[in-house]
Amino acid sequence: MNFASIEMILMITLASGVLAYLIGKLNAKLGSIVTILVSMYVTIAVIYFGYNGELVITTEYLPLVTFKVTNIGLFFASTVTFVFAMVSFFNPFFIDKYKFKALYSMLYIFSLVGILGVFFTDNFMTLFVFFEFTVWSSMFLIPMGKSTKSTTLYFAMSTIGSFALLYAIFLMRSQSGSFDIDQGLAMVSGAKATWTYILLSVAAFAKLGAFPLHLWLPKVLGDAPDPVTAVFSGGLEKLGAFVAVMGLVRLAPVSFNIGAIDMDFARYVIAFIGSITIIIGTLMAIRQDDAKKLLAYSSMSNGGYIIVALTIGNGIAISGALYHVLAHAIASAAAFLAIAAVARKTNTTKMSELGGMIHNMPITYMVYLIAIISMAGIPPMGGFISKWMIFQAVINKGLPIIAIGVFFGSIGSFLYVFRPLAALFLGQQLPEYKHLKEAPFFMVLPMIILSGLIIYTGVLPNYILGKINEIVVDLGATAVTITEYTITGFNGTIHPALISGMFGVGVFVAFLIFITFKKSKKVTLMDTYTAGEFIYTEELLHYSVDFYAPLERLYEKYIHIMEKTYDSIRNKIAEVGHFFKYYFFTNKPEVSVFWIVIIVSLLLWGESLW
Amino acid sequence: MKSTKFSPMTQEQIDKKWWEIGNYFRRNSLWMLMYCTGCCAIELPPAMTSAYDMERLGMGPMATPRQADVLLVTGYLSLKTLRRLIYTYEQMSEPKYVVGFGSCTINGGIYHDSHAVINKLDQYIPVDVYVAGCMPNTEAVMNGFTDLMGMIKNKTARGWLDYKERNDWYKKNQLDSLGEVLVHDEFHE
Amino acid sequence: MVVNILVGLGVALFGFVLQTAMGGINRKIVARVQKRIGPKWYQEFIDIFKLFSKRSVSHGWIFDFGVIMALGGIIATAMFMPVTANIIAFEGYDNFFIFVYLLAVGMLGMAMSASGSGNPLASIGVMRALTTMLAYEVPFMIVVMTIIKLTGGTSSVSEIAAFQQIAGNNWFIIALPLGGIVAIISLMGMLGKKPFETYIAPAEIASGPMVEYGGKQLGMLFVMHEITVFIEVSLFIHLFLGGAATLGVYLLKYFLVYTALNLISSVYARFKIDQVVVFFYKWPLFMAVTQAIIAIYLGWVI
Ligand code: SF4
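Protein sequence lines correspond, in order, to chains A, B and C. Count the first sequence with my numbering and you get residues 1 to 610, in order. Count the second sequence with my numbering and you get residues 611 to 799, in order. Count the third sequence with my numbering and you get residues 800 to 1101, in order.
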C-alpha cells in the first residue's frame, strides 16, 4: 500500500465511484457530495505528489497496465482534475434534475479515472483503453440533460477519433514492435509517419471538436447537464489537446517541404484546418442564441488555436498552446459554471429569454466577466499571455493566410463573449426574474477560486510557464526565455505584472476623477431615452434577440454546408448498407455460408501473406 | 493655527465660486436638443449652417436629452406632444434650460383657439428665453441664444430651479390640461 | 518605478491635451471647409469641463463601474505609448499587441456600461462598434504582421519607428504602399470617421453607446475617446510614418495625419453596418494579404 502510487489513486477513485453509486441509491445528495470529496482528493493527490516528484508508478494489482509520470502528463492531469474538482461543487445542486441520480455520481467519477489513466501511462494500449473508458462514461452523462440525440452524434464522432487512434497505434507498432509510446513515436518513419500524423490529428480533432469533426461539440455542450458541460469544455476536450501534442509535435511527417515558409505540407494543411476551425467556431458562436452553445463554439475556436500553435511547433508556439490549454480550461469552466448558476435559477440558457441578471447575481456576473476577458485574450487575464505567444509564433513563421484566421478569431471573440454579457446579464431586468437571489455559497466558492486563478495566470504567469518550459524541453524544442516577471518571445518582451499594475493605476486615476465630481442621480433602468415614447414593458427595451443580425445576414446562407455534407454521406452509407444487406444477409443459409467460406479463406490468405 | 490675513472661505462661498466657473463652461458650450414640434424649426438649419453658424458660439446639436443642456421647443405643442416634451425635459441632466420659439409657445399664436394645442408653454415647463415672431427671424433666434448665455452669466437662467421649487404648481397645470402626463393605455403597456 | 508611472501618466495627460486641442482645431478647419467660422480652438476643453460640471444620472453600479474601467483601461494603454524616441515610460515594453488588447479593456468597459444602462439603442451601438472592429482590425493586423516580419522581428512600437529612421529604410507607408492604404482605411475605421461612423450615427440610433450618458460619465467617456484617438494616431505615426525623433516632428506629423483624416471624412456619408464589413473584407483584406505575400516571400519592398 502506497498512497502516492498512481495505481492506488486510480483504484481508490474507482472504488469510490462504486461507493458513490451505492450511497447515491440511498440518498442522491450524499452521493453527489462523494463526487466532490473524491475529485478534491484526486486533484490534491495528483498536484501534491506529482509536483513533489513522489508519484510511484509501480503496479501491484492491475495487470498489463504500466504507468509513467511525464511532465506533460502531469500538467494535463493537474489541469483537468482541477476543473473536475471545481465543477463537482455544482453536482449537489443539480442532482435533483437528473433521472438516474446515483449513476450520475458514479459516471462522473469514472470519467475522472479514465482521464488519470490516459495522462499517466507510457503504453499505447493502456492509453487507448482508458481513453475509451472516458468516452463511454462521459457518453452516458450527456443524455441526462435535455436530449439523447446529441449522444449518438458524440458517439459517432468519438468512434471516428477512437478508430483513428487505434490505427495510428497499430501503424506505430508495426514499426517499433511494441506499444511503448516514446518508442512508437520515435521509430515511426517514412510514409507511415505521415499517416500516423494524419490519424493522430483526426483523433485529436474528434476530441477537440475541430473542423470537420466539430458537429458534436455544440450539440453535446448545449444539451448535456450544466455541470457536465463545464467538465466537457474545461476537461474532457483537453484529451484531444493531449493527443494533439503527441501527434503534431512529436511526429515529423514527411510529405514535401514548402520552401517559402520552411514548413512541411502536411503540417501546413493541419494548421490551415486549425485556422478554418477558428473562423467557423467564431462565426457560429456569434449567431447562437443559447449561451451554452455559444460557449461551446467558442471552445471549438479555441481548440483551433491550440492546433495552429502545435503545428508550428517551436518553443514559443508549444508553450503558447499549453498555456492556452490551461487558460481556456479555467476560463471556460468558469464561464460555463456562471451560466449554469443562472440556468439553475431560471431554467433556461436562452439569451433571448433572459435579461438583467446582474442585479440579482452580481458575483456570478463578475466571474463571467473575468472569464470572458480571459477567453477574449485581453490583459490582464491568462488568455492574453497564451494568445500573445501564439501570435508571436504565427508572425514569426510568416503565415498570412493562417494569420487571418488567428486574428479574426481573436477579434471575433470580443463579439461573441460580449453577447451573453449584454443580453443575459445586462440590459433590462425582466420582471419574471426580479425576485431571484445570488447563487448559494458553495456554488459561488468554486467560481471565485477559478476567477482568482484566471487573474493569477494573467498577472504572474511565470511560475506556470517555468513548468511548461520543462515540457517544452522534453519535447525537444527550445525553452521560452522567462525571468521572474517578464516573458520574451520572438518579437519582444512583455511584463504581465506591469501591464496589470498599470491597469490598476489607470482605474485608480479614473476612480479619482469619478468621485471628484458631483454625485449622480439614481434612476431606474426603465427611465431611459425612448425618443419621448412611453414604454412600460421591459422586454420591449431589451435588445437580446438576433444580437448581431446585420453580421449574421452576411453568412447565414452558408452555415449548414457541413451538416448537409454529413447528411448526404450518411445517406450514401445507408445505401451501401442496403446493398450489403441485400446480398449478404439474405434468408437463404447457403448464401451466407458461401460468403463466410470466402471471407475465412481470404483471411487465411492474408495471414499467410503477412 | 488660523491665518490672520486670509479668512478661509465658507463652504457656501466655495460652492459659489465653483458655480461661477461652471457657468463659464456651461454658457460657452450649449448643447441643444431640438424638439421640432412646429414650423419654427425651419429657422434652425440657417442658424446652424454657414449663414449664421451657431457652432462659433459653442452650440451644437445632440442626440438625446441626457446629453443636452438646452431644450428648443420650436413652435406649437399639441397635447400629445406636450406629454412627450415634459417626459423629455425631465430626463435632461441639470442644469437645463428651455428656449421657446415663436408666438405659438408664448400665447398660442395663430392656433390660440385650437382645442388640441396648448397656449402658454411656461405654465407646463419653465421657459428661460422666448424668441418672438411667427416665425422668428434667424437673427432673432441667434439673439435669443446670446441672451440665454447672458442670463447664465448673470445667474438669472433659473428655470430648472424654479421647476424644482414650484413643482406642485407645474404638475397641477400639467394634470389640468393633460389629465395624465405619462399615459398608460393599451398602446403603451 | 514611481518615476516611470508618473511619466506614463504624463503621456496620458499629454495625449489628452494634445488630442483635445487638435480636435478643436480640426473642428475649426472642417468649419472653414464648410464656409463657417467654427468654434474656438479650445472648444473641446470647454465641452468636457462643462460635462464635468453637470449633474448626471446613473443606472446602477455597473453603469458607473464600466465608465471607470473604460477610462482606466485607456489611461493604462496610453501609459505604454512612446511619444518620441526619448519620451517613453516603460522602455522595451511598448509591444504592439499590448496596445491592441489593452485598448480592448477600455472598449469592453464602455460597452458593458452602455449595455448596463438598459437602453436598446446603446446595445445596438455596441453591437455595431464590435462589428466594425471585426471588420477593420483583421486587415490592419495583417499589415502590422508584415511590418514586424520585415523589421527582423520586433513588435516594439518604438523599435519599429527607429528601424524606419535608419538610413536606407523608407517609411513603411512608402515601403509598403498597399499596406499603407489599408492602414489609412483601417485608421479611419478605428477613429470612427465618416464612412465608418456607423456605431455613433446620431440621427439613426441616437449616438449609439453614448445614448444614456450625461454629465460626468459622458465627460469621462469624452476624455477616454480623446486618449483613444491619441493612441491610435500615434500608433499609425510610429508604425507607418517613421515615428518622431523630436517633439516638434511628432506634433507636426500628428497634426497632418489627423487633419487629413478629418478632411477625408468631411466629404463622406455613412456606410451601413453590413457594408462596412463587406467593404473591409473585400479590398483592404485582399490588399493586406497581397502585401504580406509579396513583402515576406518575394521581398519586394520599396
Ligand atoms: S409661431 Fe408661427 S411659425 Fe412658429 S410654430 Fe407657430 S405658427 Fe408656426
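Hints are computed from structural coordinates only; laboratory data are not their basis. Ideal placement from N, C-alpha and C gives every residue a C-beta, glycine not left out. Be aware that a few hints might be false.
[To be verified] Once the Cα atoms are required to be at most 27 Å apart in a straight line, the calculated DSS-like pairs of lysine-lysine come out as:
1. A/Lys522 <-> B/Lys774
2. B/Lys690 <-> A/Lys519
3. B/Lys627 <-> A/Lys521
4. A/Lys25 <-> A/Lys97
5. B/Lys730 <-> A/Lys522
6. B/Lys774 <-> A/Lys518
7. A/Lys99 <-> A/Lys68
8. A/Lys519 <-> B/Lys626
9. B/Lys690 <-> A/Lys518
10. C/Lys992 <-> C/Lys839
11. C/Lys827 <-> B/Lys763
12. B/Lys774 <-> A/Lys521
13. B/Lys763 <-> C/Lys992
14. C/Lys834 <-> C/Lys1081
[Claimed, not checked] Using C-beta positions, here's what the derived DEER-type ranges look like:
15. C/Gln833 <-> B/Gly789: 41 to 51 Å
16. B/Gly743 <-> C/Ile836: 46 to 56 Å
17. A/Glu563 <-> C/Leu1055: 34 to 44 Å
18. C/Val816 <-> A/Gly504: 18 to 28 Å
19. B/Ile652 <-> A/Glu563: 32 to 42 Å
20. A/Val269 <-> C/Gln833: 47 to 57 Å
21. C/Trp1099 <-> A/Glu54: 57 to 67 Å
22. C/Val1066 <-> A/Arg570: 30 to 40 Å
23. A/Ser352 <-> B/Ile652: 37 to 47 Å
24. B/Thr659 <-> C/Ile1063: 43 to 53 Å
[To be verified] Residues of chain A placed beyond 10 Å of chain C at every Cβ, according to the derived structure:
25. Glu54
26. Glu438
27. Lys522
28. Tyr582
Exercise for review: Could you tell me which of the numbered hints above are not met by this structure, giving the numbers in increasing order?
Suggested key: 2, 5, 7, 9, 13, 14, 16, 17, 19, 22, 24, 27
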